[in-house]
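A.B. asks: In UniProt numbering, the protein residues as written are 1 to 223.
If you are wondering where the hints come from, they were derived from the structure by calculation, not from laboratory data.
A virtual CB, placed ideally from N, CA and C, is assigned to each residue, including glycine.
Be aware that a few hints might be false.
[What the hints assert, rightly or not] Derived Cβ-Cβ restraints for the label pairs, each shown as a range:
| hint | residue 1 | residue 2 | range |
| --- | --- | --- | --- |
| 1 | 140 | 190 | 47 to 53 Å |
| 2 | 121 | 158 | 50 to 56 Å |
| 3 | 13 | 153 | 46 to 52 Å |
| 4 | 159 | 57 | 52 to 58 Å |
| 5 | 21 | 97 | 31 to 37 Å |
| 6 | 79 | 38 | 24 to 30 Å |
| 7 | 172 | 92 | 52 to 58 Å |
| 8 | 193 | 129 | 49 to 55 Å |
| 9 | 72 | 38 | 34 to 40 Å |
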Amino acid sequence: MSEAAQGHPPADFDLSGTVRRIRRTARLSQRELALAAGLSKSTIAQVETGRRGLSADALASLATIAGLRLALVDGDGVEVLPMRGSAARDDGGRRYPAHCDVRHGDEGWWYLPHRAARPVPWFTFDLRRSEPLADDDHPVQVPEDDPRWRAEQRRVESLTAWAARQQQLREDYLRRLGAGEVPPLRDDPCTCPPGCEELLVGDDPAGQADPHVPDCPCRCDVH
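Could you put together the complete structure from these sequences and hints?
C.D. replies: See below:
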């Protein structure tokens with residue numbers, strides 16, 4: 001069993017010196033510190049002589065008495081904050097595994113055949129140890145994480161992109177018309193079927209020689 005499991009501090013953490021520092025800062029005797037923390041004097045004495053360990057809760061309580069607090073720091077001495085409790089949870093109210101990466105449930109893999117009949121969850125998780133952390137924490141759930149809201153946003157964005165493309169096509173036609181590259185529009189209305197419109201929204205509609213479906217009754221120059 002490891003030292004941590006037995007309640008002993010790791011070898012590179014000086015618990016004895018830390019408790020003595022707490023007492024020094026608080027200017028309290030072993031008996032006074034033990035009384036303030038609800039511990040026995042012998043416990044404080046044994047911790048300071050390295051004969052026993054101390055739980056994190058008890059150590060945090062001692063630090064608070066001295067106006068101090070426990071903190072994690074990285075190799076550069078920068079404080080590492082605890083994971084926030086307000087992060088997203090699953091339908092059962094449980095937190096997602098801390099060591100895993102949380103992402104939206106509609107991102108990619110959920111739409112596999114064996115999941116098609118199941119409702120899309122707001123979030124799911126996976127483990128990608130080979131990749132750097134995308135975020136230091138799990139996301140906080142907001143209404144915009146609803147898969148239905150996200151689907152509607154994608155639909156709106158698609159329509160917006162389509163409208164922008166149509167505007168670009170119109171502007172391109174007017175430019176080409178002004179340069180004499182294409183004839184003006186006919187006076188009679190266009191009767192092209194929807195298939196012709198789909199041809200126009202291709203990768204390079206301006207360069208298509210005949211953007212019409214085979215059975216188009218109109219075959220106008222621009223529709």
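A.B. asks: Does each hint hold? Answer for all of them.
C.D. replies: Here's how the hints hold up against the structure:
1. 140 x 190: 47 to 53 Å: Distance hint for residue 140, residue 190 holds at roughly 51 Å.
2. 121 x 158: 50 to 56 Å: violated, 23 Å
3. 13 x 153: 46 to 52 Å: Distance hint for residue 13, residue 153 holds at roughly 49 Å.
4. 159 x 57: 52 to 58 Å: holds, 56 Å
5. 21 x 97: 31 to 37 Å: At roughly 35 Å between Cβ atoms, residue 97 and residue 21 fall inside 31 to 37 Å, so the hint holds.
6. 79 x 38: 24 to 30 Å: holds, 28 Å
7. 172 x 92: 52 to 58 Å: Between residue 172 and residue 92, where Cβ atoms are some 54 Å apart, the hint holds.
8. 193 x 129: 49 to 55 Å: Check passed, 54 Å falls within 49 to 55 Å.
9. 72 x 38: 34 to 40 Å: violated, 25 Å
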